[in-house]
Structure formats: C-alpha cells, structure tokens
Amino acid sequence: MKKKSNALYAYMMSSPAMLVLTVLSIFPLLFILWYSLTDYYYLSTRPPRFILFDNYAKLFQDRYFMQALGNTLRFTALAVFFEVLLGLAVAVLVKSFKRGQEALRTVTLLPTLLPPVTVALIWQIMLSNNYGLINNLLGLFGLGPVNWLMDVNTAFYAILVIDIWQYTPFAFLLLYAAMQGIPQGQYEAASIDGAGRWAQFRYVTLPNVLRNVLMVTLLRVIDTFRLFDKVNILTKGGPANTTATITQYIYHNGVNMFKVGFASAASVVMTLIILFLAAGYIRQNFKAREKAGR
Amino acid sequence: MKKTLSLLLAILLVAALAPSALAEPTKLVIAARGGSHVDVINAVKAQFEQENNCVIEVLGLENPDLKQKIALDSRNKAGAYDIVMLDDPWMPEVTEAGMLLNLTEKGYQDDADFVPASLALGKAPYGTGDTFALPFAGNVTLLFYNAELLAGAQVPDSWQGVLDVAKAVNAQDGKVGYVIRGQQGNPIVGDFMPLLWAFGGNIFDADWNVLVDSQQAKDALNLYIQLLANGANYEKNDIVSSVADGKAAMSLGWPSWYISGKASTAGYAKIPGKVDADSAENPAGMIGNWLMGIPANTQHPDLALQLLTYLTSADTQKAAASSGAVPTRISVFNDEALAQEYPFYATLLEATQASRERPRTPRWGDIENVFGIELSNAISGIKTVDQALADAKVAIEDVMR
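Going down the list, the sequences are from chains C and Z.
When you line the first sequence up against this note's numbering, it's residues 1 to 294, in that order.
When you line the second sequence up against this note's numbering, it's residues 1001 to 1401, in that order.
Calculated directly from the structure, the hints in this document are not laboratory data.
Positions of the beta carbon are idealized from the N, C-alpha and C atoms, including for glycine.
One or more hints might be untrue.
[Unchecked claim] Stretches of chain C that chain Z covers, calculated by requiring three or more beta carbons in the stretch to come under 8 angstroms of a beta carbon on chain Z:
#	region
1	39-49
2	79-85
3	167-177
4	231-242
5	256-268
All chains, full assembly: derive it from the sequences and hints.
This is how it looks when you write it as structure tokens:
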C-alpha cells in the first residue's frame, strides 16, 4: 500500500516536468517525424500529402546536402577536437598557477559569453579584405592581403578558428571545475612515487576528468553540429559551398522557402546523426546510473 | 413633465451620438522592412491618421523576418497586418499562395504616373495581370565609380570598356580595378545578372527552359572572372568603402549604398548594356523595388487600401524624399525642385526604365541558392566555367521540376 502511494507521489511530482517535456520536445519531434513523410509546403493552399520516404530519397540525392553534411561532420570533428584539447591544456595551466586563477578564469570566459552574431560581426570586421586588422598586421610584414572569408583555401579554417576561439573557454571552464574535485592527496602520492608533471597528468588528472572530457565533447558535438550564425553572416555557405552546414540547409529550405516537409526530413537526419554520435556516452551514463541505483 | 421629457430626450440624443463621437480610432498595422523605410512611413503617417481617425503602427523587420512573419500570419483567419512590404522577387510566391488582396478586384485603377517597370512588379502574372501590390520604394542597380581613379577616362558604356579600365587601374600601384560582390547566394547572383543580361543571356527563355549554359552566359562569366583577376572580391561594406575611398575604381551596387540624402560618395552611371562598342544594347540594370500590398486576411481592407494609395501617392513620395525614400513615380523623379536637390534622380529614372526584373517564379529563392553556389565554384576555380554552368543548369532544372 505504502509502495503504491510512493509511486503515485513520484508520478505527481514528476508530472509538471513530464508535461513540459511532452509539449516542448516530444510533440514537436513527432510532428517533425510526421511532416518529414509529407510534401508539406507552408504556403500551399491544399493539405499536405503523405509521400513516405520521398523527402529522404531526394535529400540524399542532393549533392548540396551531401556537401553540407560532409562540411558539418568535418567541422564538428576538428572544432570539438581542438576545443577540448585546448580547453584541457588551459585548465591544467590555470590550475598550476599559484595566484590569479580567479581573474584568469573570468577573462578566459569572455569569448563564450558573447552572442555568436556579435562574434561573427567582430571577426568580419577584423578579417576584412579591405581594412581588416589582421590583413593590416600581415601588411606590416609585407604579407597579404588574404581574402579570408572568400577564398576556398581559407574560409572554412577562418570559421573554424573563430569557433575554437569562442568555445575553448567553455571546455576550459567545465574541465577546470572538474579538476578542483581531484583530491590533492593523489598528486602528493604520485609525487612521492617519483611521478613528474606529465606522469601526474596522465595517471592522476586525466583518469579523474575523463568522464568530464567525454561530457564536454558530447555537449560541444551537439552544439557545433548546429553551427549557423557564423556561416550565415560570414560566408553564406561559400565560397563554392565549402562552409555550408546542415543547419543552414535546413534554414534555407524550411524558413526561407517554407518547404516544411523537406526541411523536416533534413532535421530528422541531423537529429539521428547527433544521437548516433552521442549514443556511446548516453549508454555509458545509463549503465553508470543503473550501477549506482543497485 | 416637459422638463423631464426634455432631459430624457437630451440624454437619449447624447447616448445616440456618443459612440461615433467617442469612437476608438482604428488601428492599422504595417509590417515594413526595417531602416529608412520605417522612417519614411513614420514621417508621413500623421496626416492620414488625422484625416481617418486611425492609428498607424509600423513594425520594422529584417528581411528574412519580414517574409516569415507575413507568411505565418497569412494562414490566420484574422490577419495581424493591414499592409505589408514585399521585396519584389517574393511576388510570385505570395500571390500564388493567395496571401494578398487583389487590388484590381477591390476597385483600384492603375496609375500611369508609376514607372511602368515598377508597376509591373506588383501584378500577377507579372506585367499583365491584376494589381496585387504597389511600388513603394524604387531601386535599380547602378555602376558606381571613383572618378579620380578613372583619371579622366570616360565612364565605360560597355563591359569590354569596364574590363579595359579595370586593367588600366589595376596596373597602378596597389589599386583595385573592379570589385565583384562574389559572396555565395544572393550577392553573387545579383552582381552577375547585369552582365548576363548585357551579354544577351538569361536564366530562362519564355517557356522556362533553362539557359544558363548558353554561350552568352559562358562569355559573361568569363568576363566576370577577368574582372575579378583585375580587381577583388569583397563583401558589401568593403565594396562601398573601397570605391568611396579611392582604393577601387568600379563596382555595381544599389544606390542606397553610396547615396545618402543629396550627396554621393562615388560617381554613378547606368550599368552598361553592351558587350563592346559595336554590340547591341540590352537592358542590364536589375530592378529591386519594395512593394506594398494588403494581406487577404486584413480586418480593414477599405481603410488599408486608402492608406496604401496615400503612402504611394506623389505628394507623399515628394514629402518622403528628404527621409531618403527613392520614388517610383515619374512625376516625382521629374519634379524640378527635387531633381535639383537630388541630382541622381535622372540617372535612376533612366536606369529604372531600362531595367530587368529577376525571373518571376515562386522558386526564385532556390534558383538563386543553387546558381549562387555554381557561380562561386566558377570564380573560385573549383570548376571550369563550362562545368559550373552545366551543373547550374541541372540544379535549376531540378528546382523547377
């Protein structure tokens, strides 16, 4: 009897959260899944028709979508790798400082606090081929100017550098916070055993923050996969479609052209890819919780 | 008794008249393109509000937001907007979807004072059908140049001439002969179309067959690439500053980039419509008007039509000139006082009359997207001109299927 009333209490307490989740996440997801199987065009005067997987077939036959998909995967892999690596390195460095950790932590975080649109506009001015700060600096050494955002050899990497600049501090913050929880005794014991700095990092720091590294990687993968503002402002997917991303593709078809059915199919594909990339971490997390629950 | 009756009558009379005397003013909402257009409407709306007991609210929205909001609202039974501003290439999309009130059916008579090229943009089908929107703000692309860098050379009236001048300027120390706006998508398509038209090419023929791989298109794109070789590829702000400051000699652009009020930061001329001195002249300037229409689901169709007529009238356009509005009426372009104040009006009128419209299809947004990608492939050297235009043809045919 008590067990029953406990379960009822648990359901009652979790129902507001479940309601919000259902309205804001589950319903839209189901709608998108349904729309992706229709030819829903928002401006059409007739109701959408069920077309099964036609949108998906068209999507994978579209070379511009495949190019956007390839760009997004490549961008995500490179950006997340460097952001996590640099974030970890900066966290180790800042933690090693005897003084000024707090001030440094605040200053380092500033790029992450800026809205992506502001970041894109600031970098657009700095990378300008005409009066840009970076080309002016290069000019002092007799180099350039480089058309950073319109040259096929540089545009992708220019956006990559901007993203790494903006989000390395995010990785730093989470990893630095995780490092605060490592017992000092472990370092002292390692030191007594003759471990140098590298060995301490490898055998003490890294195993302690590995779960956090995975979590940061997952969060950054999800976020980087949605890259949109920078590309839309700085390159519009060019030159030669080398910076086009899936979100930009979805935005063009869904928001600009009102092809809701087709854009929904692209959104489903994007969601599935992110789920696939995150599956390992999510599975591991569930297992850890199950273990803790036993 | 008499007193009581009189009092009762007086009360009844006041009660009967009160609703009209104290009637709430009608609220009209205009969804407008943000920036100077909003200033213009705000500057002239007071008189209409006074005369018609209404309040006009103007919502200034960015380009993509404006289109989305208009489209989303169009599916509501009772619309939130009474007048909407529309970029002219949206017209086939919005009229096909039945989003706008048919002004002709509503009793509107076309006004011959509008520049015909502008008036045609608001009709569906283009040029010949009923009127669904009126031209509010005129615009057409022009050739902008830095007179100092041309160093006495005539402003070229052919594209071969433009290339020759670009080469000569490029030979000077560190100067840019010609700036293309080669950013993928709308910018590069808008920048290339005048060349395509000047060379006698087009995207479609009259039967909607795709022509982008024609010899004219190939020649135009080859010349465009040569212009880039003797110049630079900038985004809009860099284009304007480089030509205005004398770093670059020429570019195409919209007048509002260079002209503010009476002053222009660069010389301007009609875009050349000839390939070389001996070839035939084609209309080559790209028209890009902001139109105003009435949503089909407006709650105040009659008052909205009155307001639309007022906002696009000659008197309003004259009054709005000082707020930066570009007229769409011949009488305003030719007004002596205004022509003296704004000397660019004559060039603008001439260019508008000899302008071309972008293809009138609801799929223009998709066409611009894929054509822009392939043009970008060509100027980046990823594909040859032939390959890029052949791929563009396939992609545009896919869009039209």
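Here is how each hint holds up against the structure:
1. Counting residues of the region 39-49 of chain C whose C-beta lies closer than 8 angstroms to any C-beta of chain Z gives 4; at least three are required, and the coverage claim holds.
2. By the rule of at least three residues with a Cβ nearer than 8 angstroms to a Cβ of chain Z, the coverage given for the region 79-85 of chain C is violated, with 0 such residues.
3. For the region 167-177 of chain C, the stated coverage by chain Z is violated: 0 residues have a C-beta nearer than 8 angstroms to a C-beta of that chain, whereas at least 3 were required.
4. For the region 231-242 of chain C, the assignment as covered by chain Z holds, since 7 residues bring a beta-carbon within under 8 angstroms of that chain's beta-carbons and 3 suffice.
5. Only residues whose C-beta sits within less than 8 angstroms of a C-beta in chain Z count toward coverage, and the region 256-268 of chain C has 3 of them, enough to reach three; the restraint holds.
In terms of the numbered hints stated before, the structure departs from hints 2, 3, listed from lowest to highest.
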